[in-house]
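4 protein chains.
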Amino acid sequence: MEILSGVLDGMTLGTPILLLVHNKDARPADYKEISEKYRPSHADYTYDAKYGIRAWQGGGRASARETIGRVAAGAIARKLLRERFGVEIVAWVEKVHHIVANIDPLSVTRDQVEDNIVRCPDPVVAEHMIQHIDAIRKQGDSVGGVVGCAVKGCPAGWGDPVFDKLEADLAKAMLSLPACKGFEVGSGFGGTDLKGSEHNDFFRADLDKNVYTETNRSGGIQGGITNGQPILFRAAFKPTATILMEQRTINRNRENTTLKGRGRHDPCVVPRAVPIVEAMAALVLVDHALRQQAYNKT
Amino acid sequence: MEILSGVLDGMTLGTPILLLVHNKDARPADYKEISEKYRPSHADYTYDAKYGIRAWQGGGRASARETIGRVAAGAIARKLLRERFGVEIVAWVEKVHHIVANIDPLSVTRDQVEDNIVRCPDPVVAEHMIQHIDAIRKQGDSVGGVVGCAVKGCPAGWGDPVFDKLEADLAKAMLSLPACKGFEVGSGFGGTDLKGSEHNDFFRADLDKNVYTETNRSGGIQGGITNGQPILFRAAFKPTATILMEQRTINRNRENTTLKGRGRHDPCVVPRAVPIVEAMAALVLVDHALRQQAYNKT
Amino acid sequence: MEILSGVLDGMTLGTPILLLVHNKDARPADYKEISEKYRPSHADYTYDAKYGIRAWQGGGRASARETIGRVAAGAIARKLLRERFGVEIVAWVEKVHHIVANIDPLSVTRDQVEDNIVRCPDPVVAEHMIQHIDAIRKQGDSVGGVVGCAVKGCPAGWGDPVFDKLEADLAKAMLSLPACKGFEVGSGFGGTDLKGSEHNDFFRADLDKNVYTETNRSGGIQGGITNGQPILFRAAFKPTATILMEQRTINRNRENTTLKGRGRHDPCVVPRAVPIVEAMAALVLVDHALRQQAYNKT
Amino acid sequence: MEILSGVLDGMTLGTPILLLVHNKDARPADYKEISEKYRPSHADYTYDAKYGIRAWQGGGRASARETIGRVAAGAIARKLLRERFGVEIVAWVEKVHHIVANIDPLSVTRDQVEDNIVRCPDPVVAEHMIQHIDAIRKQGDSVGGVVGCAVKGCPAGWGDPVFDKLEADLAKAMLSLPACKGFEVGSGFGGTDLKGSEHNDFFRADLDKNVYTETNRSGGIQGGITNGQPILFRAAFKPTATILMEQRTINRNRENTTLKGRGRHDPCVVPRAVPIVEAMAALVLVDHALRQQAYNKT
Chain V
1 MEILSGVLDG
11 MTLGTPILLL
21 VHNKDARPAD
31 YKEISEKYRP
41 SHADYTYDAK
51 YGIRAWQGGG
61 RASARETIGR
71 VAAGAIARKL
81 LRERFGVEIV
91 AWVEKVHHIV
101 ANIDPLSVTR
111 DQVEDNIVRC
121 PDPVVAEHMI
131 QHIDAIRKQG
141 DSVGGVVGCA
151 VKGCPAGWGD
161 PVFDKLEADL
171 AKAMLSLPAC
181 KGFEVGSGFG
191 GTDLKGSEHN
201 DFFRADLDKN
211 VYTETNRSGG
221 IQGGITNGQP
231 ILFRAAFKPT
241 ATILMEQRTI
251 NRNRENTTLK
261 GRGRHDPCVV
271 PRAVPIVEAM
281 AALVLVDHAL
291 RQQAYNKT
Chain E
1 MEILSGVLDG
11 MTLGTPILLL
21 VHNKDARPAD
31 YKEISEKYRP
41 SHADYTYDAK
51 YGIRAWQGGG
61 RASARETIGR
71 VAAGAIARKL
81 LRERFGVEIV
91 AWVEKVHHIV
101 ANIDPLSVTR
111 DQVEDNIVRC
121 PDPVVAEHMI
131 QHIDAIRKQG
141 DSVGGVVGCA
151 VKGCPAGWGD
161 PVFDKLEADL
171 AKAMLSLPAC
181 KGFEVGSGFG
191 GTDLKGSEHN
201 DFFRADLDKN
211 VYTETNRSGG
221 IQGGITNGQP
231 ILFRAAFKPT
241 ATILMEQRTI
251 NRNRENTTLK
261 GRGRHDPCVV
271 PRAVPIVEAM
281 AALVLVDHAL
291 RQQAYNKT
Chain Z
1 MEILSGVLDG
11 MTLGTPILLL
21 VHNKDARPAD
31 YKEISEKYRP
41 SHADYTYDAK
51 YGIRAWQGGG
61 RASARETIGR
71 VAAGAIARKL
81 LRERFGVEIV
91 AWVEKVHHIV
101 ANIDPLSVTR
111 DQVEDNIVRC
121 PDPVVAEHMI
131 QHIDAIRKQG
141 DSVGGVVGCA
151 VKGCPAGWGD
161 PVFDKLEADL
171 AKAMLSLPAC
181 KGFEVGSGFG
191 GTDLKGSEHN
201 DFFRADLDKN
211 VYTETNRSGG
221 IQGGITNGQP
231 ILFRAAFKPT
241 ATILMEQRTI
251 NRNRENTTLK
261 GRGRHDPCVV
271 PRAVPIVEAM
281 AALVLVDHAL
291 RQQAYNKT
Chain W
1 MEILSGVLDG
11 MTLGTPILLL
21 VHNKDARPAD
31 YKEISEKYRP
41 SHADYTYDAK
51 YGIRAWQGGG
61 RASARETIGR
71 VAAGAIARKL
81 LRERFGVEIV
91 AWVEKVHHIV
101 ANIDPLSVTR
111 DQVEDNIVRC
121 PDPVVAEHMI
131 QHIDAIRKQG
141 DSVGGVVGCA
151 VKGCPAGWGD
161 PVFDKLEADL
171 AKAMLSLPAC
181 KGFEVGSGFG
191 GTDLKGSEHN
201 DFFRADLDKN
211 VYTETNRSGG
221 IQGGITNGQP
231 ILFRAAFKPT
241 ATILMEQRTI
251 NRNRENTTLK
261 GRGRHDPCVV
271 PRAVPIVEAM
281 AALVLVDHAL
291 RQQAYNKT
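Chains as they are written, first to last, in the working numbering: chain V, 1 to 298; chain E, 1 to 298; chain Z, 1 to 298; chain W, 1 to 298.
Note that these hints are calculated values from the structure, not bench results.
Treat the hints with caution; some may be incorrect.
Since the list gives no way to pick out one identical chain from another, each pair is judged satisfied if it fits inside one copy or across any two copies.
[Said to hold, decoys possible] Below, a list of computed lysine to any residue pairs in the SDA-like style, where the Cα atoms sit at most 25 Å apart:
1) K195 with Q131
2) K152 with L207
3) K79 with E255
4) K32 with K138
5) K152 with E83
6) K79 with G10
So here's chain V without its partners, still in its complex pose:
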């Protein structure tokens, strides 16, 4: 990666920071067939429908390679969040296919997450996930899963009350990721199984007048604005569209045909999604931190 602008002698200048990563490992030959055929559940067809032209080598912007810019920018956002605002973000793999880890979001550390290749902080479940992904790879098939994320240290008051609710911006950030199909904050879809009396987070104050909630089904956000509790959310990622099995599809002439994936094949992108989820969360939060600073100097 090169830094082409915005930094001098290790200090940022206030100038936009241009981070450039050359794709040095493109293998256009792998993509020859898909220049003519549309991969099922990929963006080949929709790009052609929109633009009438498509950068078929490597998948263009529909490739998850696109996310490197998000992670690079997110690294700067995280630094600012940590050093200036005391905010820490950690994400982890919570589910791969039908294998679900039961994670306590408040105690997860980045070391635990990085301790295994599948980025699941429960080492026993992680081992199952790794074995299962390996078996799926051998089948030439793929699986998806769920990433969880916790943000600790946000003060109460960040966010916006109507259209730019903090959870709304987080939802947009997550759904902007390749393969993401769902987002939930706090109790999420599962919260609909509870009654109000079971779901509400009761406020309490300690002896030092610090406010907290007895539970955190709100996921740290109420009415679009942080309440000082950890922000908790999840994002669902579908199984990778590219599989090494023959599938029905059409070609650019709209003729029915079949296509069999080849080349590099990642049977489960969920572990790779972890740093991307963290990066997007950081970008959303740093925006709201600066907005809050504009709003309230003191």
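Given the structure of chain V, go ahead and fit chains E, Z and W onto it with the hints provided.
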């Protein structure tokens, strides 16, 4: 509702349209106690934390009354979508607490939805929901649920490939709604239970070279851009925070106390969310329709 | 004027503030002829060309009545600038037709400006202007002029270095005003008559290390960012398009015809532009003040 | 210049186009002294005031080198304007110091402009300008001037009626350029010397119902929206701040001192501003062209 600008003799002028709805049924007396105490899982505390002041009568912008502007604006967007672009939007109640309706999104009509008070197009399940909500009301408690939505008639090519993916804008729109805790498009969270070979939507062309997919787990969007299939998504709404039971909370002085809701009490907002979900979907889609028109005149 | 939202008991709530002014003095009958004919140098033709429909009563958004919203919003911005940031804005009439006042921008007070109907702080020149405008009125003709503006109290560092230069945002704000045809900051067009050695503002520091410039041809902004000196700019307003004399024009069928203005007729809008210029300057500056606060908390 | 994204086989992809120009001719040694001292009327002091740090080598973003990105992007905008919308833009030098060319904006061609080094389409006046600039160079001094610009081929209806008036966006674009101190459209400041009866542009229709105006003091824009006549505007550029003469200034410690420019020295930037003015005009117009297309497909 008054129209204060933008319309002359039944025609829009190109001028911003100002729709004004006066709140003629405010009952400030009902809110007296909550001017001093924070309702659990409501936005009272976070508004105070952010603004240091709060329009406690009626709940201010945290009240679902706020959504009337969305529905009014959405009505105009829907008209444009229908008459100019041939797009139809229909939403419905799919789940209330633990009662789940099995709905075919492609056959649901607005008449079916409006046929009962709970806005569930399955009349048998609707009846269960109505009875259950009634029982919950008598308990002074509340329940949440899930709204489904289908958008038919979008051509392939609407949307954007990276940050403004169509599903990302829909997610933001839904999570900007009061009480919304989750969003999923197409297969959503459930899609993580499938393998890639089970999840992929195979493309097919009919004899007239019309393209379709055999399944629609993508929910009509691939890589942020519509593929011409119906757009399908769901939004989860938590149980109403206001309940008529005593709850632990704090007051503005950060002293522990209790609060018991009073006044009007809606034990389940999910049926009311249906037109709001439709309105927000319409606003997102009309934006993308105009963007697409800017992009590609022909 | 009514305040419909955003204020409670004399305090702002953080909610958008809706200020509503009903136009109670519309005289549609005055505009009957211009529903069919295009007034020369007015926006009738261009509105029809863009929208295919036109709110001909009162001129719609092309009427200077539109600026009441700017002045109302600007009043709030000025309050914030004054009380929180110590910034004061004063504008005045500097030129009417060929009558030019020689004003020292640093000593002008609002009282001097408001002391006469033409808002020119030089009472002798003001008297000439008033008599001249009166003569022009009797001819059924109109004149334009130039408004000057000074902003005092801005600290160094407000603004942006490239596309959103402070002078760029001020220029846009002024050219967005009805009848405005020109903008200049500091030495402006006249500065092109000087050599660099005559034009440059030399920096000096006093004994307390306060920085100032010996001259202020930069108009308080260098490279898009304030330097702590007063911001000085001018805006030119063309003679009012509506005159009470017969003029050649066309009708909606694109047939040649003539039109003679009638109804209320303001032979010189420049004095009325003074508070509007101040309001727009305030709106631009308060935006940059908040951006600076976001950028640099301390 | 390298194209790093957005183009494949000579076709645009719909992807953002990244144009990269490396600064291969930086001479940091020339800037050694100004790392400690503030050049008068340059952005050194204001950058330090805003950012507390400054890329002193080459002047950072305050250098006119920054405009290469505008010109590169403008080249693409011009292509789109010409080929899709039939719009042509030409700018020229109209004034250098006290030497003024009397140019007919409607007959100027790019060939005439590019025919001499000072980019003034009047060859006699151009010769005077060249000799004068040469004399100024020998004095180590600098001069500024005025650039004129004409845009032909815009249909009626582009622009916006209130805040985003086309002239407002053009004004912002011009004032965002380094050294620009003024903008005027149509009759501009000079228009204030006329009475309404002298200033108004009378509409006429020819036998084919084509609409035109007898004069064009409006500069092709009325009420923020194009009227189909050529768009005419001017921008004033101050004399270059960098001169080779000793000037009073301060250093970073706020001590009074003197500074004498050295290194490369351009005594008049106005000819170089011509392609930059054209580029910025193109960027503004292509935005409005796309907005108009979004507004009105047919």
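Tested hints:
Taking CA atoms no more than 25 Å apart as the test, K195 paired with Q131 passes between copies only; the shortest distance there is 15 Å, against 39 Å inside one copy. Taking the shortest alpha-carbon separations for K152 and L207, only the intra-copy value of 22 Å comes in at or below 25 Å, while the best inter-copy value is 48 Å. For a Cα distance limit of 25 Å, the shortest separation of K79 from E255 qualifies neither inside one copy, at 51 Å, nor across copies, at 36 Å. Taking the shortest Cα distances, K32 and K138 sit within 25 Å of each other inside one copy (24 Å), while across copies they are farther apart (63 Å).
For the identical chains of this complex, K152 and E83 are intra-copy neighbours only, at 13 Å inside a copy versus 36 Å across copies, given an alpha-carbon limit of 25 Å. For the identical chains of this complex, K79 and G10 are intra-copy neighbours only, at 14 Å inside a copy versus 40 Å across copies, given an alpha-carbon limit of 25 Å.
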